[in-house]
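Novice: Spelled out, the chains give:
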Amino acid sequence: MNAIVGLALRILMFVCLYAFLGMAVWLLWKSISGSMLRRGIIAIPTLTLATTIDDEQVIRTFTSSEVTIGRNLDSDLILKDETVSGRHGRMTYRLNQWWYEDLKSTNGSWLDDLKIEEPIVIKDNDTIYCGDAFFKIYIKPID
Amino acid sequence: MLLLVCVVVGLFTASLCVAEGTRTHSEDFVYTWHYLIPYFFWLISTFLIQRNIERKLPNRDPWIFPFTAALTGIGMLMIWRLSPDLGLRQSFWYLLGSLLFIALLSVPDLIKILKNYKYVWLFIGLILIALTFVVGVNPTGSGQRLWLQVFDFYIQPSEPLKLLLIIYLAAFFAEQVRPNISWISSIFPTLVVVGFAGLLLIAQRDLGTASIFVSIYILMLVVTTQRRRLLWVIPALAIVAGTIGYFAFDVVQTRVDIWLNPWLDPSGSAWQIAQAQIAIATGGITGTGPGLGSPQFVPVAVSDFIFTAIGEELGLLGTGAVLLSLLFIILRGINIALSSKTTFGRYLAFGISAYLALQTVMIVSGNLGLFPLTGITLPFLSYGGSSLVTNLVAIMLLLKMSTQTSAQEVPETVRSPYKWVAGITSAIFVLIIGWNGYLAFPNQQELIAKAENPRWAVYDRYSPRGDILALAGEKLAENVGESGSYQRRVTAPELSNTIGYAHAGFGQSGIESSQYQILRGYVGVPWQDGWLHDMLYNQPPPGLHIKTNLNLALQQQVDELLGDHAGAVVIMNARTGEIYTMASHPSFDANRLSETWESLLSRSDAPLLNRATQGSYPLGTLATTLVLESAWESNSVMQQPLDSDLIRLDPYCRQAMQIEAEGQNGLRYGCESSSEELLNSVDPTLLLDNLIEFGIFSSPDLAIQTSQPENPPSVEELDHDPLQVMNFKVSPLQMAIAAATITNDGLRPAPRLVNSYQTQDGNWQAIGEERAETVVMAASTARRLREELASSTQSLWYQTGHAFINDDQPLTWYIGGTMPGWTGTPLAIAIAIEANAPELVQTIGGMLLSFSSTN
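Protein chains in written order, with this note's numbering: chain F, 2 to 144; chain E, 28 to 882.
Honestly, the hints are just simulated from the structure, not real lab data.
Don't be surprised by glycine CBs; every beta carbon is placed ideally from N, CA and C.
Do not take every clue at face value.
To be verified - Derived CB-CB ranges, DEER-like:
1) F/Leu-112 / E/Gln-253: 35 to 45 Å
2) F/Lys-31 / E/Leu-75: 26 to 36 Å
3) F/Ile-12 / E/Gln-583: 50 to 60 Å
4) E/Gln-431 / F/Trp-30: 21 to 31 Å
5) E/Leu-30 / F/Asp-113: 36 to 46 Å
Stated by the list, open to error - A short list of chain F residues far from chain E (calculated; beta carbon distances all over 10 Å):
6) Phe-15
7) Thr-49
8) Ser-76
9) Asp-82
10) Thr-84
11) Ile-123
To be verified - Residues of chain E placed beyond 12 Å of chain F at every Cβ, according to the derived structure:
12) Phe-223
13) Val-279
14) Tyr-543
15) Arg-619
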């Protein structure tokens, strides 16, 4: 009886030990691949965002893995509209896809008529609405 | 994350708690509660540190501390398991270390203080080392005096000195302006400091720490000067220093020799390394289980060899996890160095990582025999307060620096050496894990089977060894006590020479040794049983009983008759080769080995020797029997009767004749004159063939050790000096087989000492395969021989003979057997007594028939 309990404890211990190691390796891998993305080691599909500001067509192209959207002037894509929050949303490239995530903006972000509550995957030709403003997304795949 | 670590260490503790009950196969739940003490110590200290770093360093590297805590916890419990006394000390040290950790954490601008007062720290470190020359002690009472005593605690100043040296080097190099690095102003001062510290350590014979110092220094030079080529200096220097050390220090010489060939002297100077490898092999992949192994067989398992203790009880899975955790901390450290805001921080973080890497690589590869052994600690795991506290402070510095990062990219030229060091370190760790795996799996069985592996004695204590029985079922050797304290008891001590012993201190011999696989339950037990016992208890299953062919009643009768005479008696079944009696005097009592061992070894009459199988006695005049056949074939005619004058001159022969007045048969009573005449008259080719067929030059295949046979001479040699046959050395067993051959109509039976073993379902299974009899001579020749030597009063044939051991000590021989007219078991006997005892041999020989008739 003791022996069976001991064996069970031992197996459980190894499972937990390697779960811990596995977790560490996985998270480390994520942070390494993140830093590789930042340093341009892994190629990212070029992201082009098109919007209309003061009746003027604005087209911006990004090669980085993170693009911020908002009214603040340090945003990568600035949407000058009162219904847009200072830090409205963020686009990130991870797991081989572009994601859009709403940064708890006042008026929310919409993909067509779907309210974006959680990060969602974005594809070519999608349009995102931020308050009254909107922008269109073009993703150029890697050659 | 830390919670998961707490669970892992907790499960380890719990496994240790149930281990004792498991080992002894206890029916009830048995817990060994005291393992909870180090666990609670560990929990408290870990919790203290965690709470403080959560508050003060919220942006720290999240991984380093959980790994540190896991390693420390496993180390502490392992130390406690090996020695609760040292485990308690280690628990206090961890508590102390965590308090120092917290205290230093709350010092504002600690990093700046360290940097600005670099010479002060270095000086303190060197002073402490210098102090050991004056008031140094060694906690064990002898050996290198590397410790300072503070009340009841011992501090080894070389441990904090390593960290202080790193701080100094980092601060010094950080001050040098990059483009202007010149060898004179930038390198020379550090060379002096490192050289001085190194010399202090060499003077103390602390060579391991000295080499760590130099290696850290070179690695730091690599990153500060950005010269990758400098990495080659480490192996180059190791070879040069190793060669010089080999001739300058005895210690270095033995260590290198052991490393090059650990199996040259595994029971002497290489004992530790050999035991370490056996321990790793015993652990295998999954380990024996916490508390179920015997890691204490490796000397100093608590400190230098804690890695092998983990290897034995947790297996490759355990050591792999330990090495990966250490590698993880080291790589995170290098990462912190690369993202550090200040140059000092970068060098310091790198220095600490290099220090942890070097310590780990050197001691673990030393443990596994990949590298000459140096006595240093395995970070976080080994017993040693100074080491643990130093390592904890180092981790505190790493964590502190992980919060002072800069997002700025480091140029590739700066990054490159760090990446190289990280890459090489990872490669070495992979190599070590690979070698560990090789020892633990493909090489496992070979290592476990080594004669130096003492684990069988532990298995014997917990899992019963099989009994050894006589043919009628009387116990000759059995177990007494209960699981955890089984002891071997020989119930027929006079048979100790044959049965042998199984003693934890002196090893195994006789049947105990040769039938070990069956007695210990490795052979004859279903494999799944063996596997289950190994998995659950780390023990082989209860061993199987073995039945020998010995007849206890006859044996005791012979023993009584032989009494105090040195000599041997072998009685066997002439047809089947079953050995009924094997007496060798003087004997010993296997139950009293511990008290008598020294005297048994030193006694000149060699009681440990089994004279029946290992005794080599000159053939003497007994040669006659073996020669007669060839004499007949050579058609040489004996002069009959012998010249009575010659007999009168041969006192031994005359004496033998007078006991039974059966006529003056010079051959029967082994008269030298007739033997010599006979030997001179035979054809040497026929004689040699005859001797070979009788088995004089081959050792009988028996369940216990037999003597080395004589090398056969060439025909020319025999022709030149036929009388040398009388000096050929044979064992009584060989002569018993020869007697059996004559009794058995010229067919030589194979001797069989062990009969069968009892399988788990109670059936007896024969041991060994049926071996064919060898034809030595025609049945008619055998009959003629028997008739020539037949007794006129009993249904026996026999011959006596004599020889001299060491020129003056007389030896009396007797061989004989039953006649075909005898209705009982056909028996053969050989007697050798180291005295002139013609009467006694004939008495013992006459007993044959009494046995045959009662049986």
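Novice: State for each hint whether it applies.
Specialist: Hint check:
Range check, F/Leu-112 to E/Gln-253: about 50 Å between beta-carbon atoms, so the 35 to 45 Å window is missed. Separated by about 30 Å at the C-beta atoms, F/Lys-31 and E/Leu-75 satisfy the suggested range of 26 to 36 Å. Our hint of 50 to 60 Å for F/Ile-12 and E/Gln-583 holds, since their Cβ atoms are close to 54 Å apart. For E/Gln-431 paired with F/Trp-30, a C-beta distance near 25 Å keeps the hint of 21 to 31 Å intact.
For E/Leu-30 paired with F/Asp-113, a C-beta distance near 43 Å keeps the hint of 36 to 46 Å intact. Look at F/Phe-15: its CB is around 6 Å from the nearest CB on chain E, not clear of 10 Å, so calling it non-interface is violated. Consistency note on F/Thr-49: stated as away from chain E, and its beta-carbon is indeed over 10 Å from all of that chain's, at 26 Å minimum. Its beta-carbon lying about 19 Å from the closest one in chain E, F/Ser-76 satisfies the requirement of being farther than 10 Å from that chain.
With a cut of 10 Å on Cβ distances, F/Asp-82 stays outside the contact zone with chain E, its closest approach being about 31 Å. For F/Thr-84, the requirement that its beta carbon stay farther than 10 Å from each beta carbon of chain E is met, with the minimum near 32 Å. For F/Ile-123, the requirement that its beta carbon stay farther than 10 Å from each beta carbon of chain E is met, with the minimum near 26 Å. Every Cβ of chain F is farther than 12 Å from the Cβ of E/Phe-223; the closest lies at roughly 40 Å, confirming the non-interface assignment.
Annotated as non-interface, E/Val-279 keeps its C-beta farther than 12 Å from every C-beta of chain F; the closest such distance is 37 Å. With a minimum CB-CB distance of about 24 Å to chain F, E/Tyr-543 clears the 12 Å threshold, and the non-interface call stands. The beta carbon of E/Arg-619 sits about 35 Å from the closest Cβ of chain F, which is more than 12 Å, so the claim that it is off the interface holds.
When the structure is compared with the earlier hints, violations turn up for hints 1 and 6 and for no others.
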